[in-house]
Amino acid sequence: MTTIPLVDLLSLSGALFALGLFGVLTRRNFILILISVEVIMNAAILNFVAFSLFSPGPAAGGIPGQSIAVILIGLAATEVAVGLAIVLALNRLRGTLNVAEAIQLKL
Amino acid sequence: MPWLSALLAISLVGAFVTFLTGRYARWAALGVSLATLVTVLAIMMEFQPSVNVNGPGYCQQGGFQFCELHTWFTYAAPGGGFSVDYLVGIDGISLPLILLSAIVTIAAVVYHWEEKKDPHGFFGLMLLTNAGCIGVFVSLDVLLFFVFWEIVLIPMFFLIGHWGGPRRHYAALKFFVYTHVASVTMFVALLAMVFLGDWHSFDFVNTFGRQSQDAYLNPIVQALLFGSLLFGFGVKLPMVPFHTWLPDAHVEAPTGGSVLLAGILLKLGGYGLLRLASPLLPTGRELLTPVMLFLAFASIVWGAYLSLAQRDLKRVVAYSSINHMGIVLLAIALWTQLGVMAAVLLMFAHGLVSALLFMVSGSMHHTFGTRDIPSVGGLTARTPVLSTMLMIGSLASLGLPALVSFPAEFSAFLAAWNGLGYWVLLPLMALVVTAAFYLWMLQRLAFGPPKGIPEKAHDLSFPEVMGMSLLVGLIVLYGILPFLIEQVIPVSALFSVACSAGPLHNGLIGGACTSFQW
Amino acid sequence: MGLWIAVTEASASQLYHDASFVWLGLPDGTNFVMGTLVSPLGALMLVVVNVVGFLVVLYSNEYMAHEEGLPRYYAELMLFLSAMNGLVLADNYLEFILMWELVGLCSYLLIGFFWKKPSAASAAKKAFIVTRVGDVLFFLGVFILFSSLGDLSSATPATAYAGTTCPGGVLHWSCLGFTFTPPNTNSSVPFLPANAAIEASNFGGSSWLPTLAGLLILGGAAGKSAQFPLHTWLPDAMEGPTTVSALIHAATMVAAGIYLLAITDIYFGFTLTAAIVIVGIGGFTSLFAGTMGIVAPDIKRVIAYSTISQLGYMAMAVGAAAVISDLTPTYSLVNGTPVLNTFTGVAMFHLFSHAFFKALLFLTAGAVIHAVGTQDLFQMGGLRKRMPITSITMLVGALALSGIPPFSGFFSKDDLLSLTWQAATLESTQNGSPLLYVFFALALMAVFITALYIFRLWFLAFSGDRSRGEAPAASHGAPAPAAPTSAPFASSTSSSSSSSHAHDAPAAALPLASSTSSSAPSASGAHDGGHAGGHDPSWIMTVPLVVLATLAVAAGFLPLIPGVGHLLPGLSWTVLGKCVTNCGAGSSFDLTDALLGSASLAFAGLGILTAYAFWGNGKVYRLPKDSPLLGVHSVLLHKYYFDELYDGLATHVILGLARGADWVDRYIIDGTIRGIEELFSQASKSGRRLQTGIVSSYAAWVVVGLLAFLVFFLYVVPWLVGGFHLPPTPGL
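Residue numbers (numbering that gives the first Met the number 0), protein chains in the order written: chain A, 0 to 106; chain Y, 0 to 517; chain H, 0 to 731.
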């Protein structure tokens with residue numbers, strides 16, 4: 000079984016993270032920011048999976064990285080749910096999805 | 000019977016129940032405060048004025064009674080770890096103040112019987128303040144002490160901010176921020192004492208058994224910690240120059256708020272110095288005694304002189320409080336047995352007297368629409384009852400014998416003479432000024448031809464009279480028979496002082512503390 | 000009740016000490032107790048307080064009948080009587096102070112009885128504050144005694160009291176004084192030349208500390224007994240009802256200061272220096288106050304000055320007694336215990352007789368005021384025919400005050416002067432200081448002055464044909480204040496009014512009709528129309544007058560009653576040098592004493608004659624316009640400007656300081672706080688700009704923070720700790 004070197008996996012994860020960060024900082028549309036956050040999240044999950052390949056398993060007393068990845072996927076799903084709910088509410092109340100315009104919490 | 004837990008439970012739960020009772024709030028408040036008072040009286044019946052400190056349990060060896068110790072959680076760590084406990088207990092220093100707290104609260108509730116603005120909130124907050132104060136007085140654990148200390152702040156903030164006068168928001172914020180800065184300083188110092196002193200728990204009765212922190216903290220650290228605690232408690236006391244929140248808060252606070260503020264809250268500062276700062280950090284105390292004495296003298300003289308210059312009756316009483324609490328600080332700074340007793344007695348006396356005087360100023364505002372002394376006169380002609388109450392309060396405050404302040408002030412000055420010699424002339428002369436401003440105020444307010452009194456001015460209402468009469472009765476009772484409350488203090492005062500005589504002091508009783516026999 | 004105790008005491012001839020209870024327990028185990036002690040001096044005071052008290056209450060039934068607030072009046076009067084009895088019966092200093100302050104409170108309340116009058120309210124306040132100054136000194140004196148002598152259970156101090164324990168608690172007189180064993184009783188060494196209690200050894204070797212304690216106690220006594228320089232409150236206290244003046248400000252409360260000095264001399268003693276100062280203050284006050292009495296226009300104030308002056312006599316006598324005790328202490332055996340002889344009985348004798356004749360003078364003055372409706376002497380006159388009883392009883396009082404035999408004042412004043420002479424002689428022979436002779440001379444001059452002012456009063460009120468008030472003729476009526484340059488020798492000028500005694504000026508300035516309501520207490524103002532002409536009051540008021548007049552005669556013969564000798568310790572009743580009873584070991588006739596008595600009698604007679612020469616016809620005498628005495632007169636009328644001085648001190652210095660302090664408090668101390676507040680508020684305003692609300696910029700800050708965090712932990716921390724070591728990871 001050939002293994003992908005850890006460095007490659009981390010590079011990919013780093014690239015994804017940078018991409019997501021770039022999206023969060025530059026986009027004004029709430030939905031696009033949300034998607035970028037998801038990308039960052041996936042970079043983190045990839046990291047966990049990558050390290051789990053090279054760390055001792057539960058039998059050896061280590062922490063199972065893959066199980067954390069699963070939890071994180073669930074977390075990402077809830078985050079999207081909450082995020083989209085906010086997007087909907089924002090759209091209904093303000094008629095816009097531009098974060099630069101939604102700078103106040105109160106109406 | 001866990002008396003103190005019962006007391007805390009009654010006052011705390013009662014306060015929250017009162018929030019929910021709507022228009023029956025005043026009955027609920029009366030019931031709760033009566034129940035609190037009855038519990039306190041029951042505790043007094045059970046209290047032993049001289050306890051065998053060699054009895055079982057370290058709590059009793061610390062001179063405390065009614066102790067209850069429950070471990071909340073423990074944190075095991077290399078080097079001993081920590082246990083966080085619920086530890087309460089009382090001695091002769093805290094008992095009079097608990098009684099005072101219950102009395103003043105009940106008087107304030109009765110006085111405000113006809114409160115119209117959100118009575119459930121008003122009474123609930125007053126009871127919560129009382130519960131917090133009682134909590135401070137019974138705590139023998141730094142953490143618990145601080146929790147209750149902070150509980151007191153919040154209801155008082157709302158009492159001033161919601162029910163206060165025209166500048167209430169400013170005053171409430173000033174009160175809160177000022178005292179909060181002080182309590183944060185105090186908390187940091189307390190935690191530093193706990194961790195640097197290697198306590199392994201937050202119970203400070205332990206340290207009585209160990210006599211002091213001298214083995215753990217070097218003098219410089221002790222002085223720093225004591226200075227921080229002095230600041231923390233001194234703001235509450237209040238001592239000059241950290242006193243300016245007091246007149247503002249009093250002027251804007253509703254009457255009941257002022258009554259609780261002057262009657263109980265100021266005592267927390269003195270109690271903290273008596274209970275935490277002075278016994279636990281003996282070297283620090285001895286190093287900073289000159290500072291304390293200086294600040295005490297400053298408070299006494301400054302308070303007296305400023306009262307003379309005020310026009311607003313509430314400000315007069317507020318500055319006279321600074322004067323009296325200066326005497327308390329002086330008595331504490333002396334740190335002799337007589338001094339400690341005098342401090343406790345004086346706090347008790349001042350609680351009753353200043354509560355009465357603030358009620359009078361509140362009623363004056365209520366009746367005449369102003370508290371400005373020069374613009375009203377001849378009260379005796381139109382509102383004789385109010386005038387009589389004003390007179391009794393003033394005479395009590397200036398230390399007339401047969402009223403409660405006299406034995407307290409006499410002991411305080413005697414202690415000061417024993418400890419300081421001729422320096423006592425300074426506060427004694429301030430006593431003349433105190434007499435002068437009260438009498439001058441009486442001359443302008445109570446006597447002379449009626450002036451500035453509206454046609455519809457009515458004398459005190461029945462609840463107001465009842466609230467004040469309670470205080471007047473006790474002022475006279477404890478003035479004529481001071482030993483009724485005084486007899487519980489000496490043993491605890493002696494123990495506190497004897498067990499914390501620092502190295503510089505050469506120990507009046509010194510190391511005999513651990514094998515103390517009464 | 001008080002009389003009964005006094006009689007019992009007189010017959011028992013010993014101390015009666017009741018069981019007492021702990022009032023205030025001290026942490027170190029010493030206790031303050033409350034108890035009762037009937038001492039000889041106290042028994043005498045009890046007689047005074049309760050007899051005069053009863054008569055005054057009786058008299059009040061008519062005198063005060065038209066007043067509002069009578070329940071308050073009687074309640075305060077009764078409180079006063081009980082407090083005064085408590086003071087006399089107190090067995091320790093703390094209890095004494097407690098009662099002392101309570102009588103002060105009653106005095107305050109009763110002076111302010113006519114509280115609607117601003118002047119009465121002001122006088123009440125003044126009385127309280129001035130006596131308070133004295134009280135503070137008194138407290139300090141007691142503190143000194145307490146800390147030096149108080150703890151008798153410990154062995155270190157008070158070795159002079161060997162063998163005495165103090166079951167009654169600290170500050171307890173009976174165990175400090177009466178039963179102590181004098182030092183060296185059984186040795187051939189003579190007694191130490193001082194009272195044992197105030198030996199320097201009891202004060203840590205300090206010889207000035209006991210002196211200071213004595214002086215501080217004198218301060219308290221001076222406040223209560225209106226001695227120089229704390230005398231200013233007593234004339235103003237005449238704002239109260241006349242009955243109150245008679246009871247509190249003549250007979251009893253003001254005498255409490257003298258009583259304090261006397262018991263302090265008995266139980267503790269005064270050092271020689273302190274004793275000489277007491278003699279000086281007393282002698283000086285006796286003359287000083289008397290001179291102001293010569294010009295005062297208000298009938299009650301004249302008597303008030305006379306009270307101050309007589310209290311000065313008593314203080315002087317206590318001082319003289321202390322000087323004698325200090326210089327030649329003698330001891331006598333009481334129940335087998337040697338007890339220091341004291342001569343305070345002389346002062347107490349004068350206190351006793353003074354109480355009656357001064358109460359009499361006040362009550363007769365009250366009757367006059369009641370009848371004519373004014374307190375202004377210059378508007379009275381010719382009352383002798385219409386008020387015969389009043390005039391005769393007042394004459395008795397005046398003669399007693401002047402010291403004319405056989406009235407009581409003669410005997411007591413004679414003994415008092417003789418004692419002072421004795422002290423002065425001792426002092427000059429032993430220490431070569433003639434100082435006491437000077438004070439004695441002052442006191443002797445005061446005899447003349449006393450007779451002068453009291454007969455001025457009597458002549459102005461009773462002599463002549465008719466009341467000037469009825470027909471205020473320009474020839475001898477009160478001059479208009481608009482012409483102060485004429486400065487009549489005996490008249491009120493409105494310029495004399497200061498803030499605290501402004502009320503008596505309009506009385507003199509206005510015609511009678513309006514002055515009655517403004518100058519007299521509202522008592523007389525309310526109903527004087529009924530007896531404008533003036534006549535003797537009904538029996539309710541005359542009975543006390545007659546009884547007091549009888550007592551004013553009889554009091555002088557008190558020492559002749561068998562068995563009361565010990566009530567007046569050290570008093571030997573002499574008449575012009577002939578000792579009659581309680582004589583010492585010496586000869587029964589003393590030439591010096593006879594000469595002194597004659598001299599004082601001559602002075603008194605001269606005073607009466609002078610008064611007769613000036614005012615015998617009942618007319619107001621005026622100084623000539625170019626008289627050099629005008630300046631003196633003005634100073635006297637302004638009461639030596641003490642009121643102005645104290646008022647200025649109070650209003651300008653103290654109040655000014657207070658206002659300044661208030662400014663500092665508001666703008667500097669609180670200003671600093673507000674400055675800090677402003678600082679934070681500005682800081683938060685600038686900080687607020689970061690909070691744009693734009694999510695992206697928040698995210699950018701998060702990234703910046705993350706980077707900073709990474710840099711800190713990856714580069715700064717390793718650099719600080721010197722290297723960064725990952726733990727070896729297995730399997731990598």
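Watch out, some of these pointers could steer you wrong.
[Stated by the list, open to error] Negatives, chain Y to chain H, calculated, CB over 10 Å: (1) V12; (2) G30; (3) F65; (4) L68; (5) N217; (6) H364; (7) P400; (8) V423; (9) W439; (10) L441; (11) Q442.
[Said to hold, decoys possible] Straight-line distance between alpha carbons at most 27 Å, and here's what the computed DSS-like set of lysine-lysine pairs gives: (12) K455(Y) - K115(H); (13) K450(Y) - K116(Y); (14) K624(H) - K450(Y).
Source of the hints: derived by calculation from the structure; they are not laboratory data. Just so you know, even glycine gets a beta-carbon here, dropped at the ideal spot from N, CA and C.
Hint check results:
no., hint, in the structure
1, V12, "holds (37 Å)"
2, G30, "holds (36 Å)"
3, F65, "holds (21 Å)"
4, L68, "holds (28 Å)"
5, N217, "holds (27 Å)"
6, H364, "holds (21 Å)"
7, P400, "violated (4 Å)"
8, V423, "violated (7 Å)"
9, W439, "violated (6 Å)"
10, L441, "violated (7 Å)"
11, Q442, "violated (5 Å)"
12, K455(Y) - K115(H), "holds (21 Å)"
13, K450(Y) - K116(Y), "violated (30 Å)"
14, K624(H) - K450(Y), "violated (45 Å)"
Violated hints for the displayed structure, listed by number in ascending order: 7, 8, 9, 10, 11, 13, 14.
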